[in-house]
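Asker: Generate coordinates for the entire structure from the input sequences, incorporating the hints supplied.
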Amino acid sequence: MTDAVRRGIANVRTLDAAPLSQGLSAANATRSLHEACDLVTAGLDVARRDWDDPPRSVGIVAAHGVFTSPLEWMALYAAAGTAVRVKASGRDPRFVTAVADAFRAEGLDVTASTDRHLAPVEALLAFGADETIAELRTSVPAALFRGYGHRFSLAIVHDERFVEALADDVARYDTRGCFAPAAILTFGDPLRLAQAMADASAETERRWPRGVVDPALGPEWRRRVGLARVRGTASLGDAWAVLTMPIEHFTPVALPRMTVIHAVRDLSVLEPYRRWLSSCATDDPSAATAFPRVCAPGQLQLPAFPRRHDGLPMTIER
Amino acid sequence: MIRDRIARFLKTGEGDFAELALALHAWQREHNADLAAFVGDAPLPARWEEIPAVPVSLFRDLALTSFDPAETAVVFRTSGTTSGRRGAVRLRDTELYDLGARLHAERVAGPIPARGLFLHPDLEDSSLAHMCRHFVRDAVWLANRDGFDRAAAIAALHAVRSEPVFVAGTALAFHDLLELDAGPFALPRGSLVMVTGGYKGQVRGVPEGELAPAAQSAFPGAHVVAEYGMTELSSQLWATPIGSRFRAPPWLGVRAVDPWTGEPAAQGLLRFYDLANVDTVLAIETADVGRLLPSGELELLGRLPGAEPRGCSLTIEELR
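Note that the protein sequences, when read in sequence, are chains W and Z. Heads up, the first sequence is in the working numbering, so the first residue is 82 and it goes up one at a time. Heads up, the second sequence is in the working numbering, so the first residue is 2 and it goes up one at a time.
Please keep in mind that the hints were generated in silico from the structure rather than gathered at the bench. Fair warning: this is a prediction, and the values are worked out from it, not measured in the lab. Note that the Cβ used here is the ideal one computed from N, Cα and C, for glycine as well. There may be inaccurate statements among the hints.
To be verified - Derived coverage of chain W by chain Z (criterion: at least 3 residues anywhere in the stretch with Cβ under 8 Å from a Cβ of chain Z; other residues may be distant):
#1 133–144
#2 284–297
To be verified - FRET-style restraints, in silico, Cβ to Cβ:
#3 G303/Z <-> A107/W: 30 to 40 Å
#4 D211/W <-> D259/Z: 25 to 35 Å
#5 E216/W <-> A266/Z: 31 to 41 Å
As the list claims (entries may be wrong) - Far from chain Z, by Cβ distances over 10 Å, these chain W residues were calculated:
#6 A161
#7 E187
#8 A215
#9 S220
#10 R273
#11 P300
#12 A344
#13 Y354
Answerer: Structure representation (structure tokens):
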């Protein structure tokens, strides 16, 4: 099975990524697809190890946003010989459908649909808002259930040594998804960091241009830029922004190619958000003990495979 | 003084909207530190349509007053729904607010009866409650912080005999009332029924599109109208009768823009340019979507998808 999955992934890797990417630019979509395929391929053997009793069938309710995200879950369970039934986002199911087609072509039992009514499955994995997950838990009969709710990630750095890597974390998937940095917290000089981030963001924009943006984010984009102009600083490019503002204006939601920098003395500000923390990119791991996942700057959107996802295993036992 | 010129424009129409809007914006940039920082080093616009609009959500974070905040005499607060944080609109007085509200209401809806029956609570910091208080001499409030008293509302509406009344409430309150099927409420000639706000996705039952005919059937004899206003605006738009398009007063400019780029659009995110907003900021950007018609009338299309629900209709829901 693992070899069939590898072949399927190899076929997925050759696809034209841009139309499947839910709006990323061609350059960003292609590198995201290649990185995701390479990570999953490299980790498949490890992922299968120590997994004693995989379910016979699994339903995966995929969320919209990070287009490659379903790949690792589909590959993981298909490699275990599990029948995989994916409920793709109705907003854009093309990538999930393409992966299912590629896996089926290798003889794997993988299907995709946007139908809200999932076929009966032994295990169900749900991604999305906490309310969505709660609804699925009660509405879809499955003996085994695991929900991965919305979380957010941050970067915590002391200085501007890692701005290129951080700009890459911001640019990947156009700052969508739980692993995108909602903000950078710094113990150092926020203005120096902002200037360096602005330079790095401009350079990153040249290499990996931003794609299509959800128009509904316009008012919130302008709110944050306006607030930064009043309470901090704002550097704006054609398709990026680097803001500084006091920590009391922290918002745990990332916007596309917007970097918000907050100077902090300690991390007590995170206490109210503890249950929603996902990942932290930092040059000081000792500062990030509250996070289920800690990584180096530049690795936020390149999570290891396999891993504990938001503190939970990716595999589910019967 | 700019305030006097605007008051004169409201009362007599003397002056030019575009010229007054540009003058007010320039004046506010000098007197409103938050606005000055918000616009940064952008040059003064040449056309009123180019005046930078402040997102209404910024009223949660900034004072945005064109006067010393220490001189604040009145504070209206937004409902603060999903975010849990309420925006605050600070005013030095309500003179222009009251003047504009009554002038436009009476122009488009006719005389406002002196007696009011209100299906929303009399909250000190509610701009809707303030407007209703200002409109009538005698007010009966049929809701309080504990909720909307349906039985009292039905009894009060059936008890109206000879003197016309002004009945006002949110769409959600009217929805609840009409669901009880306790009408029709035969109000005396000259009565005015004002429905404000939308459902904000809060209720099941009478679909929002059917509220207008349902309300008209429930209040035979009364003039049933809709009003669109928000805490951050000093002026309101009215649809007379309910179900028709909204009309703005001459001192309120309206634009629809692309939600992301801010470029003009026939249908899009609504921005308002309110000359009566002397104490705060002239130009605000809402999270509502609408279509501007060649006649200048406005068709409201609801919330911007993805934007959080908010507005006065939720006030009463939150109180439950």
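Asker: Run every hint past the structure and note whether it holds.
Answerer: Taking the hints in turn, this is what the structure says about them:
no.: 1; hint: 133–144; result: violated (count 0)
no.: 2; hint: 284–297; result: holds (count 4)
no.: 3; hint: G303/Z <-> A107/W: 30 to 40 Å; result: holds, 34 Å
no.: 4; hint: D211/W <-> D259/Z: 25 to 35 Å; result: holds, 32 Å
no.: 5; hint: E216/W <-> A266/Z: 31 to 41 Å; result: holds, 35 Å
no.: 6; hint: A161; result: holds, 37 Å
no.: 7; hint: E187; result: holds, 38 Å
no.: 8; hint: A215; result: holds, 17 Å
no.: 9; hint: S220; result: holds, 18 Å
no.: 10; hint: R273; result: holds, 21 Å
no.: 11; hint: P300; result: violated, 5 Å
no.: 12; hint: A344; result: holds, 18 Å
no.: 13; hint: Y354; result: holds, 14 Å
This entry does not satisfy hints 1, 11, going by the numbered hints stated previously.
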